[in-house]
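Read top to bottom, the protein sequences are chains C and H.
When we follow my numbering, the leftmost residue of the first sequence carries the number 1, and every step to the right adds one.
When we follow my numbering, the leftmost residue of the second sequence carries the number 1001, and every step to the right adds one.
Since the hints were made in silico from the structure, they are not lab data.
Small disclaimer: the values here were computed from a predicted structure and weren't measured.
Glycine is no exception: its CB is placed at the ideal position from the N, C-alpha and C atoms.
The following residues of chain C were derived to be distant from chain H, with all beta-carbon distances above 10 Å:
(1) G64
(2) N68
(3) A69
(4) E105
(5) F132
(6) P141
Cut-off 20 Å, straight-line C-alpha distance, at most; resulting in silico cross-link-like pairs (SDA-like, lysine to any residue):
(7) H:K1330 <-> H:T1277
(8) C:K53 <-> H:E1013
(9) H:K1015 <-> C:R201
(10) H:K1015 <-> C:D80
(11) H:K1015 <-> C:I51
(12) H:K1257 <-> H:A1301
(13) H:K1015 <-> C:S128
(14) H:K1255 <-> H:E1323
(15) H:K1015 <-> C:W38
(16) H:K1015 <-> C:Y125
(17) C:K52 <-> H:T1012
(18) H:K1168 <-> H:K1180
(19) H:K1015 <-> C:T202
(20) H:K1144 <-> H:Q1134
(21) H:K1144 <-> H:E1133
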Amino acid sequence: MNTTVTQDMSFIHLISSASLLVQLVMLILVLISLSSWWFIFRKLFVIRNEIKKTDDFEDIFWRGVDLNALHQRIISPRYDSCSLERIFAAGFGEFNKHPDGTDLEAVMESTRRAMRATYQREMDYLESHLSFLATVGSVSPYIGLLGTVWGIMNSFRSLSSMTQATIAHVAPGIAEALIATAMGLFAAIPAVVAYNRYASRTDQLATRFESFMEEISNILQRRAAA
Amino acid sequence: MSENASRNSTHTEPKRLMAGVLALLVHVLFIAVLVFGLSWKDHPPEGMIVDIWTELPKPIQESIKAQPAPKQPEPVKQEPEPPEPIKPEPPKPEPPKPEPPKPEPQKTEPPKVVPQKAVTPPVKKPDIAMKQEQEEQKKKEQEKIKEQERLKELEKQKEIEKKKELEKQKELERQKALEKQKELEKQKEIAKQKELQLQREKELAAQRQREQEAKARQAAEAQRVAEAQRAAQQAAARNQVTNEIAKYKALILAKIKSRIVMPPDLPGNPAVEFSVTLLPGGDILDVRLARSSGHSVFDSAVERAIFLSKPLPLPPDPALFNEFRNLNIKVHYRE
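With the rest of the complex left out, here is chain C:
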């Protein structure tokens, strides 16, 4: 490596001249960052879509439509249903399965169970990959730091063999090592932000689902009693 001051400090040169482990760390971080951004955008679309459809469904439901027609529409295979619609469909289907005259308490219990099961499944779907974002947010800075520490170690070790030690000998090594930290932070910061945002959004959705479940069981109970 040329040790004159007029060194090529371009980004590509820094990466290509880094040691193998640092390059490996950089590769891992690039993959992590890519997948984390992919999940960020996927969850963004999923949650935005879910909130919009839930708003629409609640709007339709509370306007007082025929529940049987609504159920039929939801369970038709072509219909692109949302989580809340699927919870309603599960509860309403379970409620309708019981013949008239069975114990109301037992009917309501099984209806609530069916809705609870669907709710769990839907929440699982909505919260999927959020744990990945959390992991990326907490781990990737450490991975980047590992690469940086390793790179700086190497550059100082090469410095020890020099008789005349100048900043120019250490600077390229440290610069290329610090790229690893930069990449780790680049992966971590959006992941943490996205995780916190999506977690709060899914929590909001979960409370909406739970309150809707309580309300639909009340409606169904009144309907059975009537």
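Got chain C sorted already, so can you dock chain H onto it with the hints?
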């Protein structure tokens, strides 16, 4: 049925591919920012120029030396210049020289034409003789003898006239020859005049050369005078510098002396010498005892005084600091 449907309903994620494309886009943007952002800061080696600044005073001296150096060759260049004008000027008179010979052959042509004219009359003479013979034959055919005689007289008269004409022609030729001679003389005179002009021109050229040489000498003298003035100025500047250095050395010594708490009752006039290493700004880096006075009380008093007068007065010009880097301070007990 509905239970199975709800359980098996695979969640159709919207815009899954678009999410991937967006993620790639974000990374491409980030890498672009890194590549161009870092390569923009790729030209700092200009900072290497800084190394030259530590030796500021030397380039000034070099420049002063370098300035007279090119001026010495200048007079040398001017001296060879005078011969140069001589070379171009002689060739100038040369071209006019070939010109005078040219008119001479041109004017020699007319004499050639004149003899031709002179030859033609004798040619006419035989023609006239033939006619005379014919006429005589005709006269022999017995026509009027008187007429013949008259004719002969007329012929004689004609001949006389012809002779007169010939004489006139000869006179004309003579006149022409005279004119030619005069022309030749005039040409010669013109040539002489031209030669005189050439001589005058040569003289003028020589005078110009002399003038140029004189100017060159004057310029060289002026340069010498200017150099002398510069040298004097430099000397004055050096004097100023030395004055400045002496002034500040005196100031330093005065400041130190004002801080000395003199120990009382020392015998004689002991002197102590310290060599002091200074930092730019007047700070003291190191104080070493160069020669003791023999009285440690006095030595330590002076050393303390040196440290007490810590920001030592230094000239504002940083170029002079080299004179103050290592100072020798000698203090006498009694002034």
